[in-house]
Amino acid sequence: MKDKDLLVVIAEMLRKQDQHTEILTNQSRLLEKTHETLTAFMEVSIKQFDEQHKFNERFLELNEKVVDRLEKIEKKL
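Take the sequence shown: its letters are residues 1 to 77, numbered as in our numbering.
Keep in mind that the hints were calculated from the coordinates and are not lab data. Treat the numbers as computed from the prediction; the structure is a model and nothing was measured. It is possible that part of the hints are untrue.
[Unchecked claim] Derived DSS-like pairs (lysine-lysine); straight-line CA-CA distance at most 25 Å: (1) Lys16 x Lys4; (2) Lys75 x Lys65; (3) Lys33 x Lys54; (4) Lys54 x Lys65; (5) Lys33 x Lys47; (6) Lys76 x Lys65.
[As the list claims (entries may be wrong)] Label-pair distances were calculated between CB atoms; the ranges are: (7) His53 x Lys16: 52 to 58 Å; (8) Ile23 x Leu60: 52 to 58 Å; (9) Lys54 x Leu14: 58 to 64 Å.
Every residue, glycine too, gets a C-beta built ideally from N, C-alpha and C.
Just need the whole structure built from these sequences, with the hints factored in.
In structure tokens form, the structure reads like this:
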């Protein structure tokens, strides 16, 4: 192989390595954005779960009060 041919091969290898580096960089950016999106989604989901849990507890308390009142009314009858 001539020196010129070797230089062409090395140049092509370096060009492909640069392309792969660029592709990996883009994939890393996409993964970071995906991670940020999923993290935000999880935070919102946890917040919604907590709010729903509080609502459910309050609803249960109110339901128990209604049941107590109905039982008292039933006893009077």
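Hints versus structure:
A distance of roughly 18 Å separates the Cα atoms of Lys16 and Lys4; the hinted pair therefore holds under the 25 Å criterion. For the given pair, Lys75 sits about 15 Å from Lys65 by alpha-carbon distance, which is consistent with the 25 Å threshold. Our distance criterion of 25 Å between C-alpha atoms is broken by Lys33 and Lys54, whose separation comes to about 32 Å. Note on Lys54 and Lys65: the hinted pairing holds, with a Cα-Cα distance of about 17 Å set against a maximum of 25 Å.
Distance restraint check for Lys33 and Lys47: the Cα-Cα separation of roughly 21 Å lies within the 25 Å cut-off, and the hinted pair is therefore satisfied. Distance restraint check for Lys76 and Lys65: the Cα-Cα separation of roughly 17 Å lies within the 25 Å cut-off, and the hinted pair is therefore satisfied. The given range of 52 to 58 Å is respected by His53 and Lys16, whose C-beta atoms sit roughly 54 Å from each other. For the pair Ile23 and Leu60, the supplied restraint of 52 to 58 Å holds, since their beta-carbon distance comes to about 54 Å.
Evaluation of the 58 to 64 Å hint for Lys54 and Leu14 yields a pass: the beta carbon distance comes to about 60 Å.
In summary, the one numbered hint that this structure violates is 3.
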